[in-house]
Each structure stands twice: as structure tokens, then as C-alpha cells.
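Chains S and D supply the protein sequences, listed in that same order.
With my numbering applied, the first sequence covers 405 to 649.
With my numbering applied, the second sequence covers 405 to 649.
Bear in mind the hints are in silico, worked out from the structure with no lab data behind them.
Errors might be hidden in some of the hints.
Copies of the same chain look alike in the list, so a pair counts if it works inside one copy or between any two.
Stated by the list, open to error - Below, computed lysine-lysine pairings styled on DSS-like, alpha-carbon distance capped at 25 Å:
no., residue 1, residue 2
1, Lys421, Lys439
2, Lys452, Lys614
3, Lys435, Lys649
4, Lys490, Lys614
5, Lys649, Lys614
6, Lys526, Lys421
7, Lys517, Lys447
8, Lys430, Lys583
9, Lys430, Lys487
10, Lys545, Lys532
11, Lys459, Lys594
12, Lys490, Lys521
13, Lys421, Lys462
14, Lys487, Lys407
15, Lys608, Lys447
2 protein chains.
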Amino acid sequence: MQKFFINELEFNNLTLKDDLIYQAFKVLRFKIGDKFIIGFNDKSYLVKITLINQKELKYEIIEELNINNELDLDITIIQGYPKGDKIEDIIKYGSTLGANSFIPCFMERTQFKIDLKRQENKMERFNKIAREACEQSMRTKLSNVEQFINFKDIDYNMFDLIYVCYEEEAKDNNMVGFKESLNGLKSGSKIAFLIGPEGGISEKEIAYLKTLNNTKFISLGKRILRTETASLYCLSAVSYERELK
Amino acid sequence: MQKFFINELEFNNLTLKDDLIYQAFKVLRFKIGDKFIIGFNDKSYLVKITLINQKELKYEIIEELNINNELDLDITIIQGYPKGDKIEDIIKYGSTLGANSFIPCFMERTQFKIDLKRQENKMERFNKIAREACEQSMRTKLSNVEQFINFKDIDYNMFDLIYVCYEEEAKDNNMVGFKESLNGLKSGSKIAFLIGPEGGISEKEIAYLKTLNNTKFISLGKRILRTETASLYCLSAVSYERELK
Numbered sequence: 405m406q407k408f409f410i411n412e413l414e415f416n417n418l419t420l421k422d423d424l425i426y427q428a429f430k431v432l433r434f435k436i437g438d439k440f441i442i443g444f445n446d447k448s449y450l451v452k453i454t455l456i457n458q459k460e461l462k463y464e465i466i467e468e469l470n471i472n473n474e475l476d477l478d479i480t481i482i483q484g485y486p487k488g489d490k491i492e493d494i495i496k497y498g499s500t501l502g503a504n505s506f507i508p509c510f511m512e513r514t515q516f517k518i519d520l521k522r523q524e525n526k527m528e529r530f531n532k533i534a535r536e537a538c539e540q541s542m543r544t545k546l547s548n549v550e551q552f553i554n555f556k557d558i559d560y561n562m563f564d565l566i567y568v569c570y571e572e573e574a575k576d577n578n579m580v581g582f583k584e585s586l587n588g589l590k591s592g593s594k595i596a597f598l599i600g601p602e603g604g605i606s607e608k609e610i611a612y613l614k615t616l617n618n619t620k621f622i623s624l625g626k627r628i629l630r631t632e633t634a635s636l637y638c639l640s641a642v643s644y645e646r647e648l649k
Numbered sequence: 405m406q407k408f409f410i411n412e413l414e415f416n417n418l419t420l421k422d423d424l425i426y427q428a429f430k431v432l433r434f435k436i437g438d439k440f441i442i443g444f445n446d447k448s449y450l451v452k453i454t455l456i457n458q459k460e461l462k463y464e465i466i467e468e469l470n471i472n473n474e475l476d477l478d479i480t481i482i483q484g485y486p487k488g489d490k491i492e493d494i495i496k497y498g499s500t501l502g503a504n505s506f507i508p509c510f511m512e513r514t515q516f517k518i519d520l521k522r523q524e525n526k527m528e529r530f531n532k533i534a535r536e537a538c539e540q541s542m543r544t545k546l547s548n549v550e551q552f553i554n555f556k557d558i559d560y561n562m563f564d565l566i567y568v569c570y571e572e573e574a575k576d577n578n579m580v581g582f583k584e585s586l587n588g589l590k591s592g593s594k595i596a597f598l599i600g601p602e603g604g605i606s607e608k609e610i611a612y613l614k615t616l617n618n619t620k621f622i623s624l625g626k627r628i629l630r631t632e633t634a635s636l637y638c639l640s641a642v643s644y645e646r647e648l649k
């Protein structure tokens, strides 16, 4: 069944915004009486269409759904800004796999030059990608892409634990600790995975991260992963470890 | 360090083929004395360049490297052919994450029409994507993309176990068994993950798979994954379960 995440205005008026009306009417060809799911404020509701045309869509709430499709950890992906549009795949697949938040961050080896005028357009686009991925994967919560930030300006204190994906660990075949640590986290913990851009995290950045008392250096298997694959591995591992029985 | 997978002719003549010479000379700007790694026949060798120009590259073997970056299971991804060029991402990321073989397969809900003339070009392109991903991730073995095949024509007997990723399982929140099963597999087992195209595996196909005695139906967490995300989840889970301590 189709899910749409909506805002407060839409929720109060039991309607959808223009682009979703277009999708419902033109693409999905919804009719009066058709049902879909709305997500608002971390809750899901089954609704039924009472009015639909090119310009308007109204619905009534049938019931609140008691669904929770979320990981039991609050996960942020701190991603060293990668080349090209890889960040979009990271947001799309990461949202599908259950990340709550993305922090695109400028690191020493980031090769991307920011044009601040374009940042706003990008944020809008990134959050749309996140919303659509959350809708498609039937997330209960909407994931969120935060403003670009410099590596040093991140408030690392907000996390209970930051897993630093550091490929030197993989090369040394030193793979102790991720599993045990992940298994031992309290439900609801706020954690982050920090992933470098192409070329990885610099020695200076690693030295800085080592001064923090809430970081843990992990490796992700024997092979050298691409920057856009690392977050998918981490999120899959969290689901596998904590959701499967 | 750069790795190139080479064929028997190149290995016997201690050279590289044209496109790799171009990459070594023009892109990587290798010079005489520079070292790289060659992969041949599931072995890796450190080599040193003795001659390089636009047309020729010769090297000598310094030593065989005692590296094994492979998962301890022989994994095939049986992928219901997806829309667009998603299959290329599946091959690229799947090779990075350790899959040995890919079988693109036509299933009931595949929306792709095969043009047999174009299959050969595609196979060449797909295997190039696999090779480059294996080189970049420092795989010891080269992964392989097999010919397109119909779902019913696959020889399912060649696998010790086939995990069928079936999203209905996820919807029912019935997630028992994958972890225990994966954990219990003997090293070297030949397994497959079978993943449907968009729209999933049909009821008829599920019924057929249930008649086989080496299938196990699994779900991949609480969220509905995209067809191109499912194999990445599976391969990450294998690495996490069997490589990390």
C-alpha cells in the first residue's frame, strides 16, 4: 500500500500538498474510496479518499496503525562528502535501511567544492530523496538530511557512540569489537557511523577522533569498500544483529 | 596499491592487455620500477614494471602474496532482472562485498525485454564492471556474471542452500532462522541468495521454490527493501556474521 509522509498543515486539513496530489491522481490514479497510509509525527494512519481531482485531495482517517518498522537504535550517518552524486544513493539506500539522520560533512579529502547558493536547492532535493525512500520502504519515521558541516564543527557529544569506519583496520585484518559492541547497545541509543570520502579519513582526522571518548574504530570485513557501500554495510549489520532472530 | 586481474595469456607473457596498459600508462602514470598487484587464477602477485610505454607494459614477479580477502562461503546472487541499469549496481556493489557469481534471471515479474543480440555486449560490460569492482576492493577471486537464464532453467541442485528473500516474510514480521542458519554453515559451502525483481517473486515461483529441498525463506529486517538493496544486505550480513569477531 502507498505511504505518504505529510506535514502538520496537511495533517490538520486532511489533505496532501500539490506534488503528492499529482502523484496520487495522475500517477497512481487513486479514486474516491481508495486507501493509503499517511505518516505524520512518527505515527502512521490508514486513510480513505473522500475527494480527488487535479487540484484537491481530501481523506478521512480510518484508524491509527500500530506499526513500528524502525531499527531500535537512533542512527546517524556522518558521511565525508563523496564525489559526483553518490551522496544521493547513500541517502536513498540509507533511508531504506533505517538511518534516521544524515550529516554530509567536509573532510580533508573531500574533493567537492561547495557553492553555498546551491546548498539550499541540494537540501531540498536530498530531503525529497529521503522522504520517497522512507515512503517506499514503509518506514515509520522520516529520515532527515542535515546541513553540510565541517568535520571539526560536528557536535560529537550528542552521540552515545560513534563507530568510525577506518579501512586501515581492514587492511590489518584487525576486526575485533564491532559485533560485541553492537550487540551490547541499549535499545534507543543514539549512535553514528562516520565514513570518510574517497581516499578515506586523514591521519589528522583519525588523531582528532581518537581524542574523543565516545569513538570506536571498526572495520567492515576483509575487502576495501567504496565510500558509498560502507553505510549500507553498517545499517544492514545493525538490522541483522538486532532485528533478526 | 593498484590491482589488475589478468588472463592466462597476459600471465604467461608477463604483460597486460591494451585497455589496462592505457590505464597504467595514461591514467595511473606508472613508471619503470613502480609496483602493482596482479590477480590470476585466485592467486595474487606483487610485480614490478620493467618496461612501459603507450603500447607495451612488461613486469617481473617479485613474490606471490599470501592474501585471502574472500568470504568463506561461495556465494551466488540469483537476481530477478530489474528495471533500468540497476543490475549494474548490483554487480558492482555485490562484487565489492564478496559475491562470486551473479545469475541475472527472468522471472514472472521481470519487465525487461531481452534482445538476444544485445546480450553479448551486456555480458562483456557486466563482467568488466565485476572485474573493476573486484580490483578496487582487493578481492582475491574474480567474480563472474553468468548468461541470462529463465527462472525455471536454473540448476538449483548445484547449491548447498538457497536463501529466498521473500518480502511477505518481512511484512508478517516473521524473521526466524537466517542468523542461525548462516552461522551454522560449513566453510566453503556453495550458497545462493535469490532476489525477485521489482514487484517481487510471484506466488507461482514461491510455490515452485517450496518444492525444492534446499531452499530457506528469509526476511531482511522490518523495512521493505528495494530489489537492488537486498543483495547488499545479504552480503553485508554474511561478512558481519562470519568475518567479524
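Verification of the hints:
Only within a single protomer do lysine 421 and lysine 439 lie at most 25 Å apart by alpha-carbon distance; the minimum there is 17 Å, versus 59 Å between protomers. For a Cα distance limit of 25 Å, the shortest separation of lysine 452 from lysine 614 qualifies neither inside one copy, at 53 Å, nor across copies, at 37 Å. For a Cα distance limit of 25 Å, the shortest separation of lysine 435 from lysine 649 qualifies neither inside one copy, at 40 Å, nor across copies, at 54 Å. When the C-alpha separation of lysine 490 and lysine 614 is checked against a cutoff of 25 Å, the pair qualifies neither within a copy, at 28 Å, nor between copies, at 39 Å.
For a Cα distance limit of 25 Å, the shortest separation of lysine 649 from lysine 614 across copies, 22 Å, qualifies, whereas the shortest one inside one copy, 34 Å, does not. Taking CA atoms no more than 25 Å apart as the test, lysine 526 paired with lysine 421 passes inside one copy only; the shortest distance there is 20 Å, against 42 Å between copies. Proximity of lysine 517 to lysine 447 under the C-alpha cut-off of 25 Å is found in neither arrangement, the shortest distances being 38 Å within a copy and 41 Å between copies. When the C-alpha separation of lysine 430 and lysine 583 is checked against a cutoff of 25 Å, the pair qualifies neither within a copy, at 47 Å, nor between copies, at 43 Å.
Taking the shortest alpha-carbon separations for lysine 430 and lysine 487, only the inter-copy value of 21 Å comes in at or below 25 Å, while the best intra-copy value is 35 Å. When the C-alpha separation of lysine 545 and lysine 532 is checked against a cutoff of 25 Å, the pair qualifies only within one copy, where the shortest distance is 14 Å, while the shortest distance between copies is 39 Å. Proximity of lysine 459 and lysine 594 under a CA criterion of 25 Å is satisfied in neither setting, with 41 Å inside one chain copy and 55 Å between copies. Taking CA atoms no more than 25 Å apart as the test, lysine 490 paired with lysine 521 passes inside one copy only; the shortest distance there is 20 Å, against 32 Å between copies.
With identical chains, the CA atoms of lysine 421 and lysine 462 are at most 25 Å apart within one copy only, with a shortest distance of 11 Å there and 64 Å across copies. Taking the closest pair of Cα atoms, lysine 487 and lysine 407 come within 25 Å of each other only across two copies (22 Å); inside a single copy the shortest separation is 32 Å, beyond that limit. In this assembly of identical chains, lysine 608 and lysine 447 lie within 25 Å of each other by CA distance neither inside one copy nor across copies; the values are 43 Å within and 35 Å between.
Of the numbered hints stated above, those contradicted by the structure are hints 2, 3, 4, 7, 8, 11 and 15, listed in ascending order.
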